[in-house]
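Engineer: One letter stands for each residue in the lines below.
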Amino acid sequence: MKKIGILSASMVAILMVAGCGQAKKPEAAAAPAASTAAAKPAAPASGLTEWQMTHGIGPVTERVEIGPLDEELAKQGQAVFEVKCMVCHHVTDRYVGPALQDTIARRTPEYMMNMMLNPDEMLAKHPEAKKLLGEFLVPMTFQNVTKDDARAIVEYIRSVTGKDPISG
Amino acid sequence: MFQRNERAVTMTKKWMMTTLCATVAVALVGCGPQAGRPANGGALAGGTASAAQKVYVPPGEYDQYYAFMSGGFSGQVGVYGLPSGRLLKVLPVFSVNPENGYGFSEETKPMLNTTYGFVPWDDAHHPKLSQTNGEQDGRWLFINGNNTPRLARISLDTFETDEIIQIPNSGGSHASPYPTENTEYVVAATRFSVPIPQEDIPIDTYKENFQGTVSFIKVDKETGEMSIAFQILVPGFDYDLAHAGKAVSHGWVFFTTYNTEKAHTLKEVNASRNDKDYVAAVNWKAAEQAIADGKGVEMPATYVHNIIDPKTRVASSTTKKGVMTLNARKIPGLIYYMPTPKSPHGVDVDPSGEYIVASGKLAALIPVHSFSKMLKAIEDKAFDGDAEGIPVLKYEATIAGEVQDPGLGPLHTEFDGKGYAYSSMFVSSEITKWKLGTWEVVDRIPVYYSIGHLMIPGGDTRKPHGEYVIALNKITKDRYLPTGPELTQSAQLVDINGDKMEMLLDFPTIGEPHYAQAAPASLIKDRSVRIFPIEENQNPYVTKSEKDARVERDGNNIHVYITTIRSHFKPDNIEGVKVGDKVYWHVTNLEQDWDVPHGFGVMGMNNSELLIMPGDTRTILWEPKFPGVYPFYCTDFCSALHQEMQGYVRVSPADAEVELKSSLGL
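Chains A and B supply the protein sequences, listed in that same order. Quick note on the working numbering: the first sequence kicks off at 1 and runs consecutively. Quick note on the working numbering: the second sequence kicks off at 1 and runs consecutively.
Hints should not be assumed to be uniformly reliable.
Unchecked claim - Pairwise CB distance ranges, derived in the manner of DEER restraints: (1) A/105 / B/646: 30 to 40 Å; (2) B/324 / A/82: 30 to 40 Å; (3) B/312 / A/82: 18 to 28 Å; (4) A/146 / B/629: 38 to 48 Å; (5) A/163 / B/316: 43 to 53 Å; (6) A/168 / B/98: 48 to 58 Å; (7) A/82 / B/556: 23 to 33 Å; (8) A/134 / B/418: 39 to 49 Å; (9) A/65 / B/312: 35 to 45 Å; (10) B/606 / A/105: 31 to 41 Å; (11) B/86 / A/134: 31 to 41 Å.
The set of hints was computed from the structure by calculation and includes no laboratory data. Note that the structure is a prediction, hence the values are computed from the model and not measured. Virtual Cβ for every residue (Gly too), placed ideally from N, Cα, C.
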């Protein structure tokens, strides 16, 4: 009971930090510039592991296999994407958030999935995500997607951009 | 077990005391006599560091209890945290709420429909939490509308009003809702007797023609849906308050009556002549049996039932006809009257179910009836005559004891589960603590001013949580900084853990809180809905994807299927609307994150804004009167680009030939 209480209090604290994402803009802008391209970011001062720097922070902690394009999976991804993601992300153009063709060209599939599944923590801790928040100002939001949804969305992004994510 | 205890673990006492002393020091400076505080400042009980420590909830931590306080004539319910007294939310129930569009949106307008048409206000009196086995179960909150007799059910998953049922054959539904032990029923008795059925007759034929009703409203165990099971026709007294029996007295509901004189004018004098009025003991299991035996009579009646469909989240309003009635005068065993001095107000049943405390608001003592003695008196036929054919039991035969000199103007009583009762004294402005069984007064504490109801968390159930009693005061006067002639109401939190009551906190409350309920946060907080999954949205006008956003014309009706996400609408440019059109804005919030509602307002709209929760769809009707270009925008600061979240709708003359179109461009 006590533990739960403390836990929930810390969760609240985290949520509050996340909710104030925009307010963190100066900090994010002041963060050391990291390359936007596929190049590996410099050794982190952020306290993140090398793996996290490349693949993001969140529930995806192991490599995701990217095989030949799975049309069926891409279709499933499209259905979710059109309801929950299209409001902010378009394929070739910058919209509320970055264009998908730019995202896939510089992220691993794990990074993309962690960003979908754990945006609050990513925006609070990951220098790459923080940098983009400084640029776009609107924090990416958790859209109540499952891990399977996130994987399917990666497949949809592959199909619609004709590109594969970087391998890291 | 609760947050408050955890704090003691997580914070060092020293640090806490330092902070608190600082707080208190500041508070004292702010409230010192030099601040112009009137003489009553000296009467301030509590206000000590130890009191401050007991109500202090550090930033980011939770209160121990949810408290639900009726908003009285605001028609709403205020939700507060205890012990901090922080206002958490105002729940719209019987009154429209432009803050979120309740009663204005197409989805919620039917909720306020009645046989009198749309009634956008009521006088909300007694919140009551649903119970299972006589304990709080945290599922629903019921509350009565006194003015246009209605009964509402609020979901404690969404904190939204899900259902409102009108009570026919009633005038001033005051003795309500008061659930039975397993929420089999909630009740509603009429405070004002009226002609039943209503008819155009002289008021001075009250004695011959006016009647009261006691209604039993069935509550579906699974869904909570309410239906009027039966009404008992009773003599034309005023029926004031109620409480259901529990444990040993389960199966009965007790109602107070006054105006047994049946006066119809200058009631403050004419309804106060009798030394004793009655507590009506209603045997609802006998009523069920009477109906099963075919003794019920179907009476003509018309009433309206409004309910939110849980799938579409859209309200519908149905007019219902007819009600099953039982005539108490003709069915023996249904009701017994227990004489009770004098114009009794509250009637409260102790946790064991044995003691029935009826506070005669004009009496100098508090009589306590015994349920077992009542049963014996009925068996022995210890009657003192009858009232219109309903047996009146002998006072001595049912009385368990009298609390002598409790104070002036006793109104209500709650229980701490440790053998003590706490009664509110309206006239002498105090809470009196007394012992069940010995009836001796053991403590009193002054409250400011003129207390009405009082409430102990769970203090009306078989298992009171104790800890605090809240005074719901009727008069505020000088308790807070003055705000002109109209003041908020004043609640006070009193610690009842020790032998002596300790005043902890004053806090203002909305409307006029009558009764209140409080339940442990753990019973409710983890069930609280955060978002509505967009996949499950079944509103007939939902737009589930930006690609489906569109504008359609159907004669003079225009349907705008519009979506929101931080920080834009789609569409945000609309043309082809004409003067004379009815524009239905169906706004779907595509966000799926907690606490990201978007608001919606159009210049010159004649109703209210919408506040749309994540994954929800709400609809507002706009009827533009003049040609021009009208901005619309998000009213709820949603993101860094919130100020950019806006759009335009062009309105052309009625005979214009502007094509209907919508867009959102890069």
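Engineer: Can you let me know if the beta-carbon spacing of residue 312 of chain B and residue 82 of chain A is within 18 to 28 Å?
Structural biologist: holds, 22 Å
Engineer: Indicate whether the distance between the beta carbons of residue 105 of chain A and residue 646 of chain B respects the range 30 to 40 Å.
Structural biologist: Check passed, 33 Å falls within 30 to 40 Å.
Engineer: Taking 38 to 48 Å as the hint, is the beta-carbon distance of residue 146 of chain A and residue 629 of chain B inside that range?
Structural biologist: holds, 43 Å
Engineer: Take the C-beta atom of residue 65 of chain A and the C-beta atom of residue 312 of chain B, compute their distance, and say whether it sits inside 35 to 45 Å.
Structural biologist: holds, 41 Å
Engineer: For the pair residue 324 of chain B and residue 82 of chain A, does the Cβ-Cβ distance stay inside 30 to 40 Å?
Structural biologist: violated, 52 Å
Engineer: For the range 43 to 53 Å, tell me whether the beta carbons of residue 163 of chain A and residue 316 of chain B fit it or not.
Structural biologist: holds, 50 Å
Engineer: Using the beta carbons of residue 168 of chain A and residue 98 of chain B, state whether their distance is inside 48 to 58 Å or not.
Structural biologist: holds, 52 Å
Engineer: With 31 to 41 Å as the target window, see if residue 606 of chain B and residue 105 of chain A comply at their CB atoms.
Structural biologist: violated, 51 Å
Engineer: Should the hint that residue 134 of chain A and residue 418 of chain B are 39 to 49 Å apart at their CB atoms be regarded as holding?
Structural biologist: About 59 Å separates the Cβ atoms of residue 134 of chain A and residue 418 of chain B, which means 39 to 49 Å is violated.
Engineer: Quick check: does the Cβ-Cβ distance between residue 82 of chain A and residue 556 of chain B fall within 23 to 33 Å?
Structural biologist: holds, 32 Å
Engineer: Range first: 31 to 41 Å. Now tell me if the beta carbons of residue 86 of chain B and residue 134 of chain A are that far apart.
Structural biologist: At 34 Å between Cβs, range holds.
The structure shown violates the earlier hints numbered 2, 8 and 10.
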